[in-house]
Amino acid sequence: MNPIHHHRLDNGLTLLVEPMADVASVGMTLLLPAGACTEPQQQHGVGAVLSEMLFRGAGGMDARAHCQAMDLLGIKRSAEVHTYHTRIGGIFLGRRIEQALPLLADLALRPALPDSALQPCRELALQAIDALEDEPQQRVIEELRRAHFGPVLGRSTLGDRRTIGALTLEQVRHHHAVRFVPGSSILALAGAVDFDTARQMAEQLLGDTGDSAPLPDDHAQPGGGYKHVPADTTQQHIALAYPTVPLNHPDAMTQRLAVAVLSGGMSGRLFTEVREKRGLCYAVFASYSSLLNRGSVFAYAGTTTARAPDTLAVLQRELQRLSDGAKEDEFERARIGLKSRLVMQGESTSARAAAIASDQFLLGRPRSLDEIEEEIDAVSLDALNAFLAAHRPEQFTVLSIGPEPLEVD
Amino acid sequence: MAVTFEQTTLDNGLTIIGEVNASAHTAAAGFFVKTGTRDEPIELMGVSHFLEHMMFKGTSRRTAAEVNIDFDRIGAQYNAFTHQETTAYWAHVLPHFLPDALDILADILRPALREDDFTMEKNVILEEIGMYADRPFWVAYEHAMERHFDGHPLAYRILGTPQSIDALTAEQMRDYFAHRYCPDNITLALAGRVDFDRCVDQIASLCGSWKPTGAQRDYRATAPTDHIDNLTDPKLTRHYLVGIANGPSRQDERRYAGLVLSQLLGDADGSRLYWELIDPGLADEAEVTLHPFDHAGTFLIYASCSPAQAERVEEILLRTLDTAGERLTEEEITRVKHKLETDLTLEQERPAGRMMALGNGWLYTGEYRPMAEELAKLEAVDADALAELLSEFPFTPRTLVRLTHP
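Note that the protein sequences, when read in sequence, are chains W and S. According to the working numbering, the first sequence holds residues 335 to 743 in order. According to the working numbering, the second sequence holds residues 91 to 496 in order.
It is possible that part of the hints are untrue.
To be verified - In silico DSS-like cross-links for lysine-lysine, where the CA-CA straight-line distance does not exceed 27 angstroms:
#, chain 1, residue 1, chain 2, residue 2
1, W, Lys661, W, Lys611
2, W, Lys661, W, Lys673
3, S, Lys467, W, Lys410
4, W, Lys561, S, Lys325
5, W, Lys611, S, Lys212
Just so you know, these hints were derived from the structure itself, not from any lab.
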């Protein structure tokens, strides 16, 4: 499969390039160390406002001129605040890279941040918070993250109503100046792109030196406990989390396979036990995710109030029962499922760019698809079952949104 | 990346089409049944979607659990969807597993439809209705479709209502299935690294005994008129606006102009609504999309904002639609076409995306358009084409639904 080029610019920026055969597009991920956890507490949401303001003019062009220049090149772009980073995403045709990358670099590093844009962008950030109130299925995950990860890492990436309302232009500009630092960033490109072109362009566009922007330490313990958010919703939305090994732990792939036994396909235990056998809900799933040094298993189910106690009971029982071990056939399905999803990810330039950038941050290096496949192959059923026996789920954090609180042990 | 197109029709009427790409890393297959909410008698509203769930509940050869296990054993991404006019069952797999995927898909297309499973799955359907009831856009969209197509089956709710699902019997579902899931009403679409001839042989042996029924669609005309409805929901924080106006159909060559116009007015980035509503922070979403149907079509209009801005947002949005024909320049149109070129390129790079486009398109036109031809059709759209489109589809009459806190 495709080799991944890895290069460190003099200013410290990490450039990753994965050329892919038989594609015309390029996917781009630029991770700037400006995530929600880096925001001063009294300016929570400054990143959300800034991510809107990036689209209000850049590189000496006003908002309309910059936007139209990107449209003319057919560039799809986005800016989102994550826990550690602000991610600038781009997708464009490889043959247009020489015009496209400068516009995206301007968006990230040379935005105009005009005074006139502050009020509308604060307004949009506040509207995004309000919109979440009306989407309980998403909100329950957001509330769960807050309870599970604590006040720094669990912070909402949308920000806080009170602090957003008080943000000044100087604060937004300062956040950009100290956190959108190319030397502490990761740029990943995948698809119809060659390494030499990418390196030259990165040096020219993102080669500025500046102070580094370290991420804050966080030693908060996982939350635990139960919280109910009352809402007059049709369904009771239930989400839970428990801590596990992080991505940089040798057992991370084993944990991923364990979650695939629970929720990899429709034959997974959660779908089978909660939905197929009992008809308790429509949506039910579990997933594994990792922050730096902190892994978590998340699970969700949505059900009407009368069925909520049974749903939570079956969900928790299945999470616990997994400690007794997986069977050979379940394990095989989990393995083949993960492997074939890898190949499918390899068909998407934007998915590959996002994946190698994330690896670089969490592991210190990108993994090729071949390498991940080897990691999957290296896990045996015995090793999986030994891991499960030694890592019983505990310290559950449970969240519900709906008309009635649940009885939780 | 060179692709070739293949097609054949079995003696019983089942059509098989494929876009073969020898350099692809995966293969995708989907059975597209030309049936959906539009083909339901009103008393069976929701049966197409409920049936789609029941198709995974086992066959004479497999239990429900075995269906899921067999798909997962080959690492398939698989699912199904029900739309107003199409119900489709698909799998995306590594190429050497394609024969297994076809075996399972063909098998579940002849389901057992057992009474016990039907009773159990009713709960899941009711939960799904509940889940969508917590999504404000969906609530407003369903209502807008009901009003816009009042008296026509395009008005029906895809999920049905709690009452229609409650009243439905397994016998009614079996009758609906027997008539609509006939080979002459089904197309199998293949894409990616596919051995087309081998697939045809396999499908002939798996599906050759299915009997045609001559199922037809009722093409009674739609008759939309103007509507403005106000809905309230005490749990809501935001104001939601959904509009529906007539647009070109799936068969209408003006659909390319329709696509360009919808993006020009209502793409999430850089469109006219973006500059009028999003850039000044008046609304956080404001979009126009083309939703073409079978010999009918719609533009779907959507915005959400704070209740305090509702009147202003609606006024600007409607004015933007009503003045769509003004100030059209080739430059503005070119920008939209380049964005669409990126979208189509991404679709082409993924066999699952191509299979969907292929199957969905074929049910309406029975015609294959290679990507290059699709791009050329888009490229040919100019200001005159948009002006002509707008004279036929001027965003009136239209249905508007406002959903907000009382």
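Against the structure, the hints come out as follows:
1. W:Lys661 x W:Lys611: Status holds; Cα separation ~19 angstroms.
2. W:Lys661 x W:Lys673: holds (19 angstroms)
3. S:Lys467 x W:Lys410: holds (21 angstroms)
4. W:Lys561 x S:Lys325: Between Lys561 of chain W and Lys325 of chain S the Cα gap is close to 20 angstroms, so the pair holds against 27 angstroms.
5. W:Lys611 x S:Lys212: holds (13 angstroms)
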